[in-house]
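Undergrad: Following the hints, put chain B in place on chain G, whose structure we already have.
Number of protein chains: 2
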Amino acid sequence: MQNSQNTKLPTSDSIIVRYGGEIGIKGEWTRRIYERRLRNNIENVLNYNKIKYTNVIKKYGRIYLKTSITKEASLKLSKVFGISSLSPAFETTSKISDVVTKSLFVANSALHRGNTFAVRCRRVGDHPYTSLDICREVGHQILTKLSELNLRVDLENPDVEVGIEIREDRAFIYTETIKGVGGLPLGTQPKAVCLLSGGIDSPVAYWLIMKRGCPIVPIYFDNTSFTDESTTERALNAAKVLFDWAIGFQRRMYVVPHGQTLTELKEKCNERLTCILCKRMMYRVAERIADMEGAEGIVTGDAIGEQASQTLRNLRVLTTAAVKYPIHRPLLGFDKTETEQIARKIGTYEVSTQRAKECTAFPRKPTTSADPQKLLEAEKELNIEEIVERSINSLRIVNL
Amino acid sequence: MQNSQNTKLPTSDSIIVRYGGEIGIKGEWTRRIYERRLRNNIENVLNYNKIKYTNVIKKYGRIYLKTSITKEASLKLSKVFGISSLSPAFETTSKISDVVTKSLFVANSALHRGNTFAVRCRRVGDHPYTSLDICREVGHQILTKLSELNLRVDLENPDVEVGIEIREDRAFIYTETIKGVGGLPLGTQPKAVCLLSGGIDSPVAYWLIMKRGCPIVPIYFDNTSFTDESTTERALNAAKVLFDWAIGFQRRMYVVPHGQTLTELKEKCNERLTCILCKRMMYRVAERIADMEGAEGIVTGDAIGEQASQTLRNLRVLTTAAVKYPIHRPLLGFDKTETEQIARKIGTYEVSTQRAKECTAFPRKPTTSADPQKLLEAEKELNIEEIVERSINSLRIVNL
Numbered sequence: 006m007q008n009s010q011n012t013k014l015p016t017s018d019s020i021i022v023r024y025g026g027e028i029g030i031k032g033e034w035t036r037r038i039y040e041r042r043l044r045n046n047i048e049n050v051l052n053y054n055k056i057k058y059t060n061v062i063k064k065y066g067r068i069y070l071k072t073s074i075t076k077e078a079s080l081k082l083s084k085v086f087g088i089s090s091l092s093p094a095f096e097t098t099s100k101i102s103d104v105v106t107k108s109l110f111v112a113n114s115a116l117h118r119g120n121t122f123a124v125r126c127r128r129v130g131d132h133p134y135t136s137l138d139i140c141r142e143v144g145h146q147i148l149t150k151l152s153e154l155n156l157r158v159d160l161e162n163p164d165v166e167v168g169i170e171i172r173e174d175r176a177f178i179y180t181e182t183i184k185g186v187g188g189l190p191l192g193t194q195p196k197a198v199c200l201l202s203g204g205i206d207s208p209v210a211y212w213l214i215m216k217r218g219c220p221i222v223p224i225y226f227d228n229t230s231f232t233d234e235s236t237t238e239r240a241l242n243a244a245k246v247l248f249d250w251a252i253g254f255q256r257r258m259y260v261v262p263h264g265q266t267l268t269e270l271k272e273k274c275n276e277r278l279t280c281i282l283c284k285r286m287m288y289r290v291a292e293r294i295a296d297m298e299g300a301e302g303i304v305t306g307d308a309i310g311e312q313a314s315q316t317l318r319n320l321r322v323l324t325t326a327a328v329k330y331p332i333h334r335p336l337l338g339f340d341k342t343e344t345e346q347i348a349r350k351i352g353t354y355e356v357s358t359q360r361a362k363e364c365t366a367f368p369r370k371p372t373t374s375a376d377p378q379k380l381l382e383a384e385k386e387l388n389i390e391e392i393v394e395r396s397i398n399s400l401r402i403v404n405l
Numbered sequence: 006m007q008n009s010q011n012t013k014l015p016t017s018d019s020i021i022v023r024y025g026g027e028i029g030i031k032g033e034w035t036r037r038i039y040e041r042r043l044r045n046n047i048e049n050v051l052n053y054n055k056i057k058y059t060n061v062i063k064k065y066g067r068i069y070l071k072t073s074i075t076k077e078a079s080l081k082l083s084k085v086f087g088i089s090s091l092s093p094a095f096e097t098t099s100k101i102s103d104v105v106t107k108s109l110f111v112a113n114s115a116l117h118r119g120n121t122f123a124v125r126c127r128r129v130g131d132h133p134y135t136s137l138d139i140c141r142e143v144g145h146q147i148l149t150k151l152s153e154l155n156l157r158v159d160l161e162n163p164d165v166e167v168g169i170e171i172r173e174d175r176a177f178i179y180t181e182t183i184k185g186v187g188g189l190p191l192g193t194q195p196k197a198v199c200l201l202s203g204g205i206d207s208p209v210a211y212w213l214i215m216k217r218g219c220p221i222v223p224i225y226f227d228n229t230s231f232t233d234e235s236t237t238e239r240a241l242n243a244a245k246v247l248f249d250w251a252i253g254f255q256r257r258m259y260v261v262p263h264g265q266t267l268t269e270l271k272e273k274c275n276e277r278l279t280c281i282l283c284k285r286m287m288y289r290v291a292e293r294i295a296d297m298e299g300a301e302g303i304v305t306g307d308a309i310g311e312q313a314s315q316t317l318r319n320l321r322v323l324t325t326a327a328v329k330y331p332i333h334r335p336l337l338g339f340d341k342t343e344t345e346q347i348a349r350k351i352g353t354y355e356v357s358t359q360r361a362k363e364c365t366a367f368p369r370k371p372t373t374s375a376d377p378q379k380l381l382e383a384e385k386e387l388n389i390e391e392i393v394e395r396s397i398n399s400l401r402i403v404n405l
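These protein sequence lines are chains G and B, in that order. Convert by adding 5 to the 1-based position in the first sequence; the result is the number in our numbering. Convert by adding 5 to the 1-based position in the second sequence; the result is the number in our numbering.
Looking at chain G on its own, in the form it has when it is part of the complex (with noise of 0.2 Å):
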């Protein structure tokens, strides 16, 4: 047999969509619920990336799907939210001579001279023979039929696996396994509201929370002319980068003007608490854009420490404001430097640290440890009903 080994690995023609463990331990009605969905989802991207496709099943654990741009198509879905793991494979038959022929064939464009391989098979139906069966036979093939490529088994650690997997009357064989970003499906659980400055860590936060499953609805506080457009247009920009996350869902975001509120503030109440009012009438308002979204939660960025508005203290004097909703806050325990490593990975960072103008109205020595009934009396000088009001009927809806 030749080896064709500076020729590309031959067209595959299917995807296997592997979905780790923390769906397949859910109960049945659950987990059937988080497939649908993983399906719908996977169709979206595919959909929206103009991928061709067809026979999305659902079979024994896995997803499998045809087309003709499997490596594209598996690179595109592996950012789908649930997905642990893809493979580009060769579909066949799972009578034992197809598999045989088939896996040599795929071993064949993958293995190179003196490269050490190891044949791995799991089997799920009845067949007339077992996964070790296939293992030895396909085994055997390879290093008789190939021989010239002087290659050897290393069970342990190889340069090439070919897997094949088994699935009563279907055979997909593979030899490359691409990483998914994990997760849960999104939509799987819940909206939430998310206050995004479009700063470092906010995105960060959305993201993480969107991975666990939950669509998010970011809102920016337009503290005009504290910031200015860039400060907006940042906001705007990561918002879209997180919407790419989410194909399929609605992408919708809530832009609130809060410069006058932010004036009022400062006009009539202690300087030190600027930051601590200002979050809190931003809660204020979040919660009643949850009511009008049906979401379940309102999600920041905060992390312990990071500034003076974040320490364990104010966290709790800034939560109280929010009555009906849970304040979440996925970063709680990030170090920045964590933070930053995934707003790289998931296409933040670039545009988190455009040039925007910072917020002016952060005082000189905000305080680090508020207290919660000079707080209140501080609130006293506010109309709050007011001021949520007025919010909420000047704020804008942007479809990005």
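Quick caveat, the hints were computed from the structure, so don't treat them as lab data. Be aware that one or more of the hints could be misleading.
Because identical chains cannot be distinguished in the list, a pair is counted as satisfied if it fits within a single copy or across any two copies.
[Said to hold, decoys possible] Keeping only pairs whose Cα atoms sit at most 35 Å apart, straight-line, the calculated DSBU-like set for lysine-lysine is:
1. Lys329 with Lys273
2. Lys57 with Lys341
3. Lys100 with Lys245
4. Lys341 with Lys84
Every value quoted in this text rests on a predicted model; they were computed, and no experiment measured them.
TA: Positioned in the frame of chain G, the structure of chain B alone reads:
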């Protein structure tokens, strides 16, 4: 010059402690508090490990200390929150002749035949030379005096880095850098109470909170006879491992009898709500303990969607039971595999996977979408005040 290729590195006499960018960018007042705390925590760990040391001094964004067992001490200190890296080092004066002689001595011990190396110098203070002068002179001397080793300079990716830190009249020379755990010094944030089950998730959540500076007060709810002493044992062991990251801090854990409460819930309320109602009672008791401890928040190990009680909807319904304190959930955005990875790193995985009786009160079909109205009705069947009072009166405090 003779290269002692097979002998050990001569005993270094100092340690350079680096603490990351997050402390460095704090305002001066806050930074000083953080540095003082870090210094205290370092001394506590050294004392606890019976490591003799002198001269723990803070200078220009570093902490330097003297000890004769620099490697062992550095490894212990690499677990002190707030430290980004450490280097066992050799101290000398900042006279150029001393720096060069000592550097040559250090390089000679670390370099092997054919190695590439680089010299890096950072300097604070007034000196009759620049950092570049030092690098050039030391590099030149190494190449000349150790010529028989066939060394080569590689500034990009050297086998050995000879680091030189000059601080006014002192210089520290090193070739090894040990990664620290990062985070913020423990005790720079207020305390948090933590609902510790002892399973894989909760210890990781509390470690992350400690990493950001908060001392923890674990609370274990003892659900005997739905669980048994193996479950209690697991929680106590997990707390011990966590406290090993908090040398010098309180090692106090609360054990609250909760079995009777759970029995009452099961008798009086819809079975599908059991876990939600059980956790809501825990939150209420935790609030009372937070009052007693002067803590500023309640932390749990919830990850969105991991269990039925952790859907975004149910997290919302749970949270409303806490009225004074925020519920912080640092694992919200974590996949199980990510949590397990940290558990292994911090040493809790082994404890958390030891055999323990899982709670048998878990219902067959727990709700994934609790109705707040039905929940409030269910709770009307319970004398909540009385249950909380009973829990507080029957708790015991364990010093671990």
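Undergrad: The structure should be examined with respect to each hint, and the outcome stated for every one.
TA: Status of each hint after checking the structure:
{"no.": "1", "hint": "Lys329 with Lys273", "verdict": "both (27 Å within a copy, 27 Å between copies)"}
{"no.": "2", "hint": "Lys57 with Lys341", "verdict": "between (41 Å within a copy, 33 Å between copies)"}
{"no.": "3", "hint": "Lys100 with Lys245", "verdict": "neither (48 Å within a copy, 57 Å between copies)"}
{"no.": "4", "hint": "Lys341 with Lys84", "verdict": "both (24 Å within a copy, 18 Å between copies)"}
Hint 3 alone, counting from the list given before, is not met by this structure.
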